[in-house]
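S.K.: Each chain, written out:
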Amino acid sequence: MDHISYPSFSHHLSLILISTILIPIPQISAVDFPINVWPKPTTFLWPRPQAIALSPNFTISAPPHPHLTPAVRRYLHQILTEHHRPLVTPNLNLTSSPPLAALTITISDASAPLAHGVNESYSLTIPDDGSAAALAAETAWGAMRGLETLSQLVYASPSSRVGCGLYISDVPLFMHRGIMLDTARNYYGVEDLLRLIAAMSMNKLNVFHWHVTDSHSFPLVVPSEPEMAEKGAYGEGMVYTVADVKRVVEFGLERGVRVVPEIDMPAHTGSWAKAYPEIITCADVFWWPAGASWDDRYAAEPGTGQLNPLHPKTYQVVQNIVHDVASMFPDQFFHAGADEVTPNCWKLDPSIQSFLSKNGTLSQILSIFINSTLPYILSLNRTVVYWEDVLLDATVSVDPSLLPTQHVILQTWNNGPDNTKRIVAAGYRAIVSSSDFYYLDCGHGDFVGNNSEYDQPPGANQTDGGSWCGPFKSWQLIYNYDITYGLSPAEAELVIGGEVALWSEQADSTVMDQRIWPRASAMAETLWSGNRDSSGKKRSAEAVDRLNEWRYRMVTRGIRAEPIQPLWCIKNPGMCNTVQ
Amino acid sequence: MDHISYPLLSHHFSLILICTILIPTPQISAVGFPINVWPKPTTFLWPRPQAIALSPNFTISAPPHPHLTPAVRRYLRQILTEHHRPLVTPNLNLTSSPPLSALTITISDASAPLAHGVNESYSLTIPDDGSAAALSSETAWGAMRGLETLSQLVYGDPSSRVACGLYIADVPLFMHRGIMLDTARNYYGVEDLLRLIAAMSMNKLNVFHWHVTDSHSFPLVVPSEPEMAAKGAYGEGMMYTVADVKKVVEFGLERGVRVVPEIDMPAHTGSWAKAYPEIITCADVFWWPAGASWDDRYAAEPGTGQLNPLHPKTYQVVQNIVHDVASMFPDQFLHAGADEVTPNCWKLDPTIQSFLSKNGTLSQILSTFINSTLPYILSLNRTVVYWEDVLLDAMISVDPSLLPTEHVILQTWNNGPDNTKRIVAAGYRAIVSSSDFYYLDCGHGDFIGNNSEYDQPPGANQTDGGSWCGPFKSWQLIYNYDITYGLSPTEAELVIGGEVALWSEQADSTVLDQRIWPRASAMAETLWSGNRDSSGKKRSAEAVDRLNEWRYRMVTRGVRAEPIQPLWCIKNPGMCNTVQ
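Those sequence lines, one after another, are chains A and B. Here the first sequence stands for residues 1 to 580, numbered as in my numbering. Here the second sequence stands for residues 581 to 1160, numbered as in my numbering.
Hints were generated in silico from the structure; no laboratory data involved. Every value quoted in this text rests on a predicted model; they were computed, and no experiment measured them. There may be inaccurate statements among the hints.
Output of the computed footprint for chain B on chain A, the stretches with three or more beta carbons under 8 Å from beta carbons of chain B [what the hints assert, rightly or not]: (1) 460 to 472; (2) 502 to 516.
Here are the simulated EDC-like cross-link-like pairs (lysine to aspartate or glutamate), alpha carbons at most 16 Å apart as the crow flies [what the hints assert, rightly or not]: (3) K927(B) / E858(B); (4) K1117(B) / D455(A); (5) K1117(B) / E453(A); (6) K313(A) / D349(A); (7) K571(A) / D864(B); (8) K421(A) / D393(A); (9) K1001(B) / E1073(B); (10) K827(B) / E771(B); (11) K538(A) / E1033(B); (12) K1151(B) / D284(A); (13) K826(B) / E771(B); (14) K421(A) / E491(A); (15) K1118(B) / D455(A); (16) K571(A) / E816(B); (17) K1151(B) / E236(A); (18) K1118(B) / E453(A); (19) K537(A) / D1035(B); (20) K1001(B) / E1071(B); (21) K854(B) / E816(B); (22) K893(B) / D929(B); (23) K538(A) / D1035(B); (24) K537(A) / E1033(B).
We put the beta carbon where it would ideally sit given N, CA and C, even for glycine.
Produce the complete structure using the sequences and hints provided.
M.R.: Printed below as a string of structure tokens:
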């Protein structure tokens, strides 16, 4: 990692420097720490690791705050009742000091809202003499990060103890650390979403990007357009009501997790045709006609339909939906999709045919759509996130002049670091979701039916098991990916962060936890404190044992994260390496 | 599929012929059937598909049988209470006949034990006039298969209906249809094993191959060698007691699922060293020394240790274990492992060094081991299954004369159909578990720590995500694999069946269901009634909708099988295909 390539790194280095001066003999070597925090804190000073008993009357004092107060209550309960027994019992002597009886939280700016760029830094001191631990943060959101850290330092042996004599100072490298979940191809219950957000906060992730609608279903109940979900959802029990959304958003606020809705348009809107067939082109046609070339497909995958930018009714419906979504989701970001506009789908429509016959282009049609929707979204005081396609698609895209860099962020998913570079070189802020690294659904086969490609004689190349973006993205691959790879320092500053993505063609609640965790934990650490040690070497090797313990703790907390090693490995440290 | 290549097919064809003569206008086209059975029955005649109400007083009469009786009780309850609502409501008219109120089961040989080769065929008639349905089979195990079929033909909430006016005659193509689970690298609770066996019986699979011990742990409590588990298991709650095994075996008997134990030896025995260090060579050494070539590894993966065939104590321990395992597991098959004997591990031992220095060979040492253990296992009236390595390993193998073909079965996992051919050409019966097709853990990354291979610059080949046997084996790949590919008819008769395998380096109870189902269902159908339609064409295309419904039903039955498509696909039949 080139230090300079991370926007917040110079700041963070000076912080380490100051701490180093203030506290004698720091030992920044978490490998040897008997108990760890995931993601690894920026600075973790623990000169003489030991533990202190946790008083059963432990209390947390904090300034009143609408979201921090319930978080404090929740963490207090967890700290007192979790009684976590690590896989490897921490080798920590218990001090003879009186038990730790209190944590004092101070925040300097109680009014800072949960928004992109909010200060999430905190510092945590746990003395070894039984005096109160101290958590200081600028904002309530930073305090929540510190509470999570504290909770991970508490364990049972068998009575509860806390790592003590330590100082942690922590600040994320990237401001945007998210997970995208597609709830349109398959439905997830609200309980699944809440469990996802809870696990995100455990990993200090802060953005739940909710890809809520697509061609396959429209599960979101929009008050001014009730027919959208009534007709477009998979079924009665498979919708998200206004109350559901409020619950999800509130749940996120109490955990420092923003909820960014995505209404994907103008493509990926086949489900809209159930309520408004007149505004959708090529709805419900067979996606890839027999004998047609790939260029002549009607959609990127089964499930066709695109909004018709030349139909006036389109904008009435879009405006109603955008308006309601903006009131249901308070976050400043609004994701408006704009990926995978497929030429042939629009070309099926007579009005579009007529437009094209007069020397009009598909890109002009997309420009009309953007020009007729983006200003309205911006008028609601939103920053708009689009998929990169709107600018970079080879066939249908718009001129950058239509996309003001101060109000538009582009999310990249193709071509690895190359497209990230194209986006930031054009002056846009970028969110990295490279399908080569961050797509959690990849490498799991394919869902398209009746495909003779699946049936090859033995010995034939199995071509990534039929997955377009295979192979499977292992946690190591995710951990090692540098999202500012190949960028100049100035370009790197425009990379606001990344999101792992779970597209749901072959996922639903039966597999959600396992597909996401602990691989999203790998990204969480890389985006929080980086993937390298102080010598600049990738630390995925030492991360294995820590991630093993952390995965196990997530499981005990109710998250069905998949195992990464035989239990034997963590019980025999170093023995599962390639080189001892 | 070459018809002749399946041993049972000629018999099965004559069955169809008879039925075809007896019943006019058969329509063997389950694609068009509104409700289906997985695996698809051999013969399913349903000239005028309709449904009949299920009487709330529905009863099942069957001859008393220690295992069939509890199965009948279980199915009766399920049939009356499942109230399954298919994803696509079956388009079936309800007859005006009185409700179906009885099933009569007849079996001609109540004494046939559950063993390899037992007759599992059955026929099921459900009249449309309300008279009793009839299930007839030769054995209790065939009757269980028929009960499962009946249960899948019942649907409807709140009132239950049954497909009627149909005749099913069903018989498996292959006698051995199994799942191998490794409970040594990570532990699975007994409840997990029972859920696995229950799901197996739903899929008409009949062999649970329990790879119970390995180098990583020895969870099996062996009464005459109590220290093996006391010291070799992962921990106190992570063992299988005699009572646990009894419970698993009984549970299998009531579902027609045999439980075949595997005690893997002489390699994969590192955990034995906890109780008997003197009989294990190279125990707990680092598996692949820095700088050493792959040939100089001590084990195929982290976790070393092999039984020392030159130490007399070895045979005392093995004999005690085999004796107890044979009494705990009544099945006629005993799997004795014999895979991946690693030269360097034995070479670390002084007695072996001395033997080799006198012109002895490693293969002679393995032969000593086989000669000193196989006769004892055979004396317990067991058929022994070994992994193919014992015969085919390039470095260490034994002469076929040591392995009597009438008592030894070889299980193949390397080189796809080539090794199957080598095994049957040598006269052995084969169980197919080709890692290219049937390994369910493949394509999920790798577990080895500290491997710089994971860290490649963007754009580098991701080499199957680091999985040695990647990519992921999709259900289509599994479904399409013909386990007798390339064999002559005589050779094919020696292929007794197949097993999908879940090695547990990166699996435990959090992912068990999702890794196994519905991919094992794909194999289940291929081994039961084949993967081709009556015209000889692979039927994986039409299988997709059926598998979707079946996967959904498994989920409602408590098995967390992973989804294979967006829900949209089954609600829009044909629309997710590549060619309409």
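S.K.: Are the hints correct? Go through all of them and say.
M.R.: Each hint tested on the structure:
1. Look at the segment 460 to 472 of chain A against chain B: 9 of its residues bring a Cβ nearer than 8 Å to a Cβ of that chain, three or more, so the hint holds.
2. Restraint check on the segment 502 to 516 of chain A versus chain B: 9 residues with Cβ-Cβ distances below 8 Å, three needed, restraint holds.
3. For the given pair, K927(B) sits about 15 Å from E858(B) by alpha-carbon distance, which is consistent with the 16 Å threshold.
4. A distance of roughly 11 Å separates the Cα atoms of K1117(B) and D455(A); the hinted pair therefore holds under the 16 Å criterion.
5. With a CA separation close to 14 Å, the supplied pair K1117(B) and E453(A) stays within the 16 Å bound.
6. For the proposed pair K313(A) and D349(A), the alpha carbon gap of about 15 Å is at most 16 Å, so the pair holds.
7. Proposed proximity of K571(A) and D864(B) is supported: the alpha carbons are some 12 Å apart, at most 16 Å.
8. Our distance criterion of 16 Å between C-alpha atoms is met by K421(A) and D393(A), whose separation comes to about 15 Å.
9. About 12 Å separates the Cα atoms of K1001(B) and E1073(B), which keeps this hinted pair within 16 Å; it holds.
10. Distance check on the hinted pair: K827(B) and E771(B) sit about 10 Å apart at the alpha-carbon level, within 16 Å; holds.
11. Taking the CA atoms of K538(A) and E1033(B), the gap is near 12 Å; set against the 16 Å cutoff, the hint holds.
12. Note on K1151(B) and D284(A): the hinted pairing holds, with a Cα-Cα distance of about 12 Å set against a maximum of 16 Å.
13. Taken as a hint, the K826(B) and E771(B) pair is honoured in the structure, with Cα atoms around 13 Å apart against an allowance of 16 Å.
14. With a C-alpha separation of about 8 Å, the suggested pair K421(A) and E491(A) falls inside the 16 Å cut-off, and the hint holds.
15. For the suggested pair K1118(B) and D455(A), the alpha carbons sit about 8 Å apart, so the restraint of at most 16 Å is met.
16. A distance of roughly 15 Å separates the Cα atoms of K571(A) and E816(B); the hinted pair therefore holds under the 16 Å criterion.
17. Among the hinted pairs, K1151(B) with E236(A) is consistent with the structure: their alpha-carbon atoms are about 15 Å apart, no more than 16 Å.
18. Straight-line distance between C-alpha atoms of K1118(B) and E453(A) comes to about 12 Å, which keeps the hinted pair within the 16 Å bound.
19. Note on K537(A) and D1035(B): the hinted pairing holds, with a Cα-Cα distance of about 11 Å set against a maximum of 16 Å.
20. Between K1001(B) and E1071(B), the direct Cα distance comes to roughly 8 Å. Compliance with the 16 Å bound is thereby established for this hinted pair.
21. Of the supplied pair hints, the one linking K854(B) and E816(B) holds, its CA atoms being roughly 15 Å apart against a limit of 16 Å.
22. The hinted pair formed by K893(B) and D929(B) meets the criterion: a straight-line CA distance of about 15 Å does not exceed 16 Å.
23. This hinted pair checks out: K538(A) and D1035(B) have alpha carbons roughly 8 Å apart, not beyond 16 Å.
24. For a cut-off of 16 Å, the pair hint linking K537(A) to E1033(B) stands: about 14 Å separates their Cα positions.
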